[in-house]
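Peer 1: Okay, here's what each chain looks like letter by letter:
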Amino acid sequence: MLGPRIEGERGIALITPTLDHLKRNVEWMTRPETTRFWGVRAMDLRPEHAEKRFGENATDPTLVNWTIAFEGEQVGMTGLFHIDWITRDAESGIFIGRHDLYGKGIASEAIRLRTRFAWDELRLRRIHNWIAMRNRGSRRANEKAGYRQMGRFPRSWYRSGQWHDEWLGEILNPDWV
Amino acid sequence: MMRAERTPRLPRDNARVLGGIVRGKRTTLRVPTEADLAGFARWAADLRVRGALTRAYWDEPAMLATWKERLAKQSEDKSSTLWAIDGEGALAGSCRVEYAIEPGHFGNDGIGITHFTIEPDRWGQGLGSDAALALHRWIFDIVHARFAHTALAAHNAGALRVAERLGYETYARGTAVHYGDGRYVDGLQLRMDLTTWDERWGATEREYPVPLGEELEA
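Note that the protein sequences, when read in sequence, are chains A and B.
Counted from 1, the first sequence has number 132 at position 147 by the working numbering; the numbering is strictly sequential.
Counted from 1, the second sequence has number 22 at position 18 by the working numbering; the numbering is strictly sequential.
Everything labelled a hint here was simulated from the structure, so no lab data went into it.
Glycine residues also receive a C-beta, built at the ideal position from the N, C-alpha and C atoms.
Certain hints may be false.
[Said to hold, decoys possible] The calculated lysine-lysine pairs, modelled on DSS-like cross-linking and capped at a C-alpha distance of 30 Å, are: (1) B/K82 / A/K37; (2) B/K72 / B/K82; (3) A/K89 / A/K8; (4) B/K82 / B/K29; (5) A/K89 / A/K129; (6) B/K77 / A/K37.
[To be verified] Residues from chain A that keep clear of chain B, each with C-beta distances beyond 10 Å, as calculated: (7) R9; (8) E58; (9) E155.
Next comes chain A alone, as it looks inside the complex:
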């Protein structure tokens, strides 16, 4: 599913993704500056694959995707995926493709908007995620929204001659009854 437009603060908004957004995200995902906390960045980069994936995302009832916009321009993407509608649990993810905008609080605001939507509109109960331990900016943004560490996966992926751990986080809907 594609998420609706949600206006945030400081010029940040979650907006409904388009195929062009996805193609731009894929292009950003090839850059080492934006993927330093990922392992091998090999993926299907064909335009026809992006079209297929966009169609699948739009119709998949177990995920909700948004494009992140800053001052009217696309800067990344975020989403809830692997949604289990019985346990009302989901995994979250975020990607800022414009590395020149790191440190401006864009991810923090996007996570806040996404989380509020998960509680108030989707009535989810819990969200969890995995973040590279070394990705302090992403961890801080999630912790600001209320995520807390539930575990640590050692030696998860390899980059620059080193093994790297992952941080496992979770957040519970405070109003769940």
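Following the hints, complete the assembly by docking chain B onto the known chain A.
Peer 2: Just chain B now, with coordinates in the frame of chain A:
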């Protein structure tokens, strides 16, 4: 990070799909057949098994025809392996593992246990421990995985005992992940490394004496 981006299931050439024989002391992991499906179907519909809340059965309850389709599909799934477990001459359970298959993706050198079932009428007889040890011999001594991982509900004391005895350690505890029998239960994620296998089981649990084949030359 979008984890789903890193764990696609794609076919590869060295399919493992249905598992061959791995011998334990009292159990044998072997190729599952259609004759096993009635057992698989029965366990998936048994609330004693389902009460484990995670990783306890292969798939949801279904007609036998659907289980046949599942077995056929499994036989073509190149990112996982399914076994039936025989215990002292009769079908006693089943288990399945999966592996990420793209270089650099999460777990590409690890193996995840997606379910492990023992016939509930035979719980408490040590069959699960024996079969689990055989399965991990396959994981570490044959496949040479860097680690194995699985998830268990925190109230599943029997499975946790087996996992801890094998050498698993809990690396994450999720709050109120599962729901069953009128209550939420925490979810545990566990991992066991090859180094642990070697230290704990290497001296006693090799399939053949090392060096391999030396006794044939004597």
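Peer 1: All hints, please: hold or fail.
Peer 2: We went through each hint and held it up to the structure:
Of the supplied pair hints, the one linking B/K82 and A/K37 holds, its CA atoms being roughly 23 Å apart against a limit of 30 Å. As the CA atoms of B/K72 and B/K82 are separated by approximately 18 Å, the hinted pair is consistent with the 30 Å bound. Distance check on the hinted pair: A/K89 and A/K8 sit about 24 Å apart at the alpha-carbon level, within 30 Å; holds. With a C-alpha separation of about 29 Å, the suggested pairing of B/K82 with B/K29 holds against the 30 Å cut-off.
Of the pairs offered as hints, the one joining A/K89 and A/K129 holds, with about 14 Å between alpha carbons and a cut-off of 30 Å not exceeded. Among the hinted pairs, B/K77 with A/K37 is consistent with the structure: their alpha-carbon atoms are about 23 Å apart, no more than 30 Å. Look at A/R9: its CB is around 15 Å from the nearest CB on chain B, clear of 10 Å, so calling it non-interface holds up. Every CB of chain B lies more than 10 Å from the CB of A/E58, the least distance being 21 Å, so the non-interface label holds.
Remark: the non-interface label on A/E155 conflicts with the geometry, its nearest Cβ contact in chain B lying 6 Å away (cut-off 10 Å).
Going through the hint list in order, the structure does not satisfy hint 9, though it satisfies all others.
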